[in-house]
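K.L.:
The residues making up each chain are set out below.
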Amino acid sequence: MEFTAAQIAGIIGGKIIGDENAGINGVSPIENGVEGHLSFVAQEKFSDYLQNSLCSVLIVSEHLLKEQSYKPTIISVENAYLSFQILMNLYQEMQSKKSGIEEGSTIHQTVKLGSDIFIGAHTYISEKAIIGDSTQIYPQVFVGKNVKIGKNCKIYSGARIYDYCVLGDNCIVHSNTVIGSDGFGFQPTEKGFEKIPQLGNVIIENNVEIGSNCSIDRGTIGPTLIGEGTKIDNLIQIAHNVKIGKHNVIASQTGIAGSSTVGDWNMIGGQVGIVGHVKIGNQVKIQAQSGIISNVKDGEVLYGSPSMNAGEYRRNYVHFRNFADIVERINKLEKNSKDSTNE
Amino acid sequence: MEFTAAQIAGIIGGKIIGDENAGINGVSPIENGVEGHLSFVAQEKFSDYLQNSLCSVLIVSEHLLKEQSYKPTIISVENAYLSFQILMNLYQEMQSKKSGIEEGSTIHQTVKLGSDIFIGAHTYISEKAIIGDSTQIYPQVFVGKNVKIGKNCKIYSGARIYDYCVLGDNCIVHSNTVIGSDGFGFQPTEKGFEKIPQLGNVIIENNVEIGSNCSIDRGTIGPTLIGEGTKIDNLIQIAHNVKIGKHNVIASQTGIAGSSTVGDWNMIGGQVGIVGHVKIGNQVKIQAQSGIISNVKDGEVLYGSPSMNAGEYRRNYVHFRNFADIVERINKLEKNSKDSTNE
Amino acid sequence: MEFTAAQIAGIIGGKIIGDENAGINGVSPIENGVEGHLSFVAQEKFSDYLQNSLCSVLIVSEHLLKEQSYKPTIISVENAYLSFQILMNLYQEMQSKKSGIEEGSTIHQTVKLGSDIFIGAHTYISEKAIIGDSTQIYPQVFVGKNVKIGKNCKIYSGARIYDYCVLGDNCIVHSNTVIGSDGFGFQPTEKGFEKIPQLGNVIIENNVEIGSNCSIDRGTIGPTLIGEGTKIDNLIQIAHNVKIGKHNVIASQTGIAGSSTVGDWNMIGGQVGIVGHVKIGNQVKIQAQSGIISNVKDGEVLYGSPSMNAGEYRRNYVHFRNFADIVERINKLEKNSKDSTNE
Chain X
0 MEFTAAQIAG IIGGKIIGDE NAGINGVSPI ENGVEGHLSF VAQEKFSDYL
50 QNSLCSVLIV SEHLLKEQSY KPTIISVENA YLSFQILMNL YQEMQSKKSG
100 IEEGSTIHQT VKLGSDIFIG AHTYISEKAI IGDSTQIYPQ VFVGKNVKIG
150 KNCKIYSGAR IYDYCVLGDN CIVHSNTVIG SDGFGFQPTE KGFEKIPQLG
200 NVIIENNVEI GSNCSIDRGT IGPTLIGEGT KIDNLIQIAH NVKIGKHNVI
250 ASQTGIAGSS TVGDWNMIGG QVGIVGHVKI GNQVKIQAQS GIISNVKDGE
300 VLYGSPSMNA GEYRRNYVHF RNFADIVERI NKLEKNSKDS TNE
Chain E
0 MEFTAAQIAG IIGGKIIGDE NAGINGVSPI ENGVEGHLSF VAQEKFSDYL
50 QNSLCSVLIV SEHLLKEQSY KPTIISVENA YLSFQILMNL YQEMQSKKSG
100 IEEGSTIHQT VKLGSDIFIG AHTYISEKAI IGDSTQIYPQ VFVGKNVKIG
150 KNCKIYSGAR IYDYCVLGDN CIVHSNTVIG SDGFGFQPTE KGFEKIPQLG
200 NVIIENNVEI GSNCSIDRGT IGPTLIGEGT KIDNLIQIAH NVKIGKHNVI
250 ASQTGIAGSS TVGDWNMIGG QVGIVGHVKI GNQVKIQAQS GIISNVKDGE
300 VLYGSPSMNA GEYRRNYVHF RNFADIVERI NKLEKNSKDS TNE
Chain P
0 MEFTAAQIAG IIGGKIIGDE NAGINGVSPI ENGVEGHLSF VAQEKFSDYL
50 QNSLCSVLIV SEHLLKEQSY KPTIISVENA YLSFQILMNL YQEMQSKKSG
100 IEEGSTIHQT VKLGSDIFIG AHTYISEKAI IGDSTQIYPQ VFVGKNVKIG
150 KNCKIYSGAR IYDYCVLGDN CIVHSNTVIG SDGFGFQPTE KGFEKIPQLG
200 NVIIENNVEI GSNCSIDRGT IGPTLIGEGT KIDNLIQIAH NVKIGKHNVI
250 ASQTGIAGSS TVGDWNMIGG QVGIVGHVKI GNQVKIQAQS GIISNVKDGE
300 VLYGSPSMNA GEYRRNYVHF RNFADIVERI NKLEKNSKDS TNE
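Same order as they appear, the protein sequences are chains X, E and P. Numbering (numbering that gives the first Met the number 0) for the first sequence: 0 to 342. Numbering (numbering that gives the first Met the number 0) for the second sequence: 0 to 342. Numbering (numbering that gives the first Met the number 0) for the third sequence: 0 to 342.
Take the hints with a grain of salt, since some may be wrong.
Taking lysine-lysine pairs in the DSS-like style, the calculated list, with each CA pair at most 25 Å apart, reads [as the list claims (entries may be wrong)]:
1) Lys144(P) x Lys97(X)
2) Lys127(P) x Lys147(P)
3) Lys296(P) x Lys150(P)
4) Lys190(X) x Lys144(E)
5) Lys96(P) x Lys194(E)
6) Lys96(X) x Lys147(X)
7) Lys331(E) x Lys337(X)
8) Lys97(E) x Lys144(X)
9) Lys278(P) x Lys296(P)
10) Lys44(X) x Lys278(P)
Think of the hints as simulated: they come from the structure by calculation, not from any bench. From a predicted model like this one, the values you see are computed outputs, not experimental measurements.
Let's have the full structure, built from the sequences with the hints guiding it.
P.N.:
Written out as structure tokens, the structure reads:
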């Protein structure tokens, strides 16, 4: 697909400096411009690129424009970053909308399909599943029985949604994520561990995005819950009966153990571990690789394993870095103390 | 499916207080009862729910029953928790048994299939594989050549079992787990790393359950082994030639590096790392996020990275939390020492 | 497939001691020899096996041979380890080469296929993808639109390659790895997090191997890059716009956050976390479970979270292990100091 500078300026309400017929067929980061590509400059520190970028067209925040002419075609706007975002969103939407049911998919006769949906080949949809309008299910997805998927969702190739799980509207699930696998529950006996049946499900509210290769286990009884607008990165473990609130951001490789609850608007770093049966409040920040082993109040900022206040952790860790020196100081004090006793 | 209180009481040998025709069509956790659902009360602290639960039927341990009548229908039993388990197991079994070979699966003509099996659409079974009686293989599973899967196994959608791997009876493998991918072995040369062929396999004994998105690599030569009754959570890495014994419980996101051995009846927490070529004994407990870098004796309880005795770790960590104060105390001692020297 | 000792000796240029017609049909680790199998002895410490191995044929480094005759047939070579490797590579190549396009795959009519390729059943290849000569794509793989895969690659079952991603020649991608899922980028607003479109791709150079269940996100704009000869283990997270150089080895469950760069010939241990926007030099070694939060110079050896020089970390950690004793020493010093003040 090819666009001209004039077309782009039209969409974002920008003013052209240079050739309005300059064509673009892709986008580049400003540091690695490519001829025929579009990029943007929204910060002073990148303003050198206004003259020497290889890109054919640049969207630029107007306050950065001080010359009469530039090598690339310039589209001047109030906020180049926002205008670029708007454009990228449009571009994305134009690109990826597929519809229809591809041959080679397996859809049970009892399934209810909304209008304007896409179902890819080799996808399997089990009995009594319900798929909302405008939802796109890529090839090779598994949808279990009685699953409900809302409107305008995008389920990428290889995602697995076990029986009875529920997804809201506008959800995105990336490839190979598993929703609704059995919780890890076993009864110890003398002969070994007996499986405790996992009869709950997973409920995912609207506007949730889940990355690739995540595991979200179903509840033992009752649901595992992921609240509206929460964003989950890749390779994340959410155990049975965890309840996650709204608008959380959870970074890659974090794990949350069984029955813990997470409030709203929290930011959880990568590779964090949260033990079972604890309660995380709201607007908490947890640094990467931390371990949470007890309840957390609203607004706390945590670090370390087990975690403490992040500032405290950093101060203590400075001393840990100097531990050999500190012990040397103690050795000296002991020597002095002995000397003074001997005197 | 709907049941009456009388039918349920019949199965678990309970006594009914209230309406024996009360119907249930699902189960709830006691804290979030739903009309028409079944739940249970086995502990004093939940006994308030006996009068105000929204559930229609409750299974209750008899020693908790002190009133003549209750709002929900009560089924009185000796141990409500155990009775509920029995019921849930039955319910699970009734629900999930599928059989037959679905159209759209690919099964090589040399494959040997047991009786009463289920093979889902889009599943691929390679030459000379052997599948035992009553085993259920969900849609979109890959089974490599010469793979042997025992009786009464359940292999969920998207599991991948590479060539020559062996699974025992009554095993459960959840979605998108990979069994038998190549071990991570390379020979460094001046030009780069040369792949060392990984010619072993994975052998999984009876009654093993493996969660979703796990990676269990094949041995370089000889097998990677997972012993009878061991339960493995989600997103776990088991490297080449690891040998895991019987009845271990390994929590999510743990990794065990090449050629290490793990004995029997160990409990390994989440996000634990175990380096290569070490030996873990029996009945060991390893706290979450610990790092094991040397052999571990029977019965040890470990914590920290690198790990130490868990009690010791906690005691030392209390001092780490107060490290700034401790250094302040040393500063004071040094000042005093200087003062007394100056005197 | 069966070979004789004479055939094997011919391939690796070895000298036979014993029965040149001894047949082998498999390989074993020397510690667990099996009749009819081949193994090797390259180290003094395994030389007891020369007489009592159950293997039928052993490849042995000539300096270890001190007897006239042995129970197994011996093939004497200069370096048994290297000879065995050569043999295993040959064996591997003979075994696993499949070709042809299996029925039940879905290949868009605009796809360009090289010669001598294999495409398994239930694999889906989207419009305008290009697949190089001699590449093998196993069943149930997803290849997005405009994807380019080079020559002589092996893509295992369940791998997912999103639109526009590029793989070089001789690459191996194991099962259920995801290449090109969306980077984790969101704009916070008062109503929630707005998705930032992820319009870049992933570029993987020649001779890269990626394990199972990895997540490699596409760049926001521009590529996420993995350089020539780099080897990536299982369950690894590579975030958007990460640039990894040549000939790195990255162990299981490690995560690298957005826009960080990694040079050449680094060794990164398991469960390591690297924050976003940092630069790792060349020939760096990072111990398992470390956390990297700032730039790293060439040749550094790091440990801890946050990381420091590995030797320093170990020295400091010895003191951490003795922290209770150290505090006891401070208590004593304080008591002495008070006593001497009181005197």
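K.L.:
Please go over all the hints and tell whether each is borne out by the structure.
P.N.:
A quick look at each hint next to the structure:
1. Lys144(P) x Lys97(X): Within the cut-off at roughly 12 Å; holds.
2. Lys127(P) x Lys147(P): 9 Å, holds
3. Lys296(P) x Lys150(P): 35 Å, violated
4. Lys190(X) x Lys144(E): Not satisfied, since the Cα-Cα distance of roughly 33 Å exceeds 25 Å.
5. Lys96(P) x Lys194(E): Distance ~17 Å between Lys96(P) and Lys194(E) Cα, so the pair holds.
6. Lys96(X) x Lys147(X): 21 Å, holds
7. Lys331(E) x Lys337(X): Between Lys331(E) and Lys337(X) the Cα gap is close to 18 Å, so the pair holds against 25 Å.
8. Lys97(E) x Lys144(X): It holds: about 12 Å lies between the C-alpha atoms, which stays within 25 Å.
9. Lys278(P) x Lys296(P): Holds, at about 8 Å.
10. Lys44(X) x Lys278(P): This hinted pair holds, its Cα atoms lying about 20 Å apart.
Consistency with the previously given hints fails for numbers 3, 4, ordered from lowest to highest.
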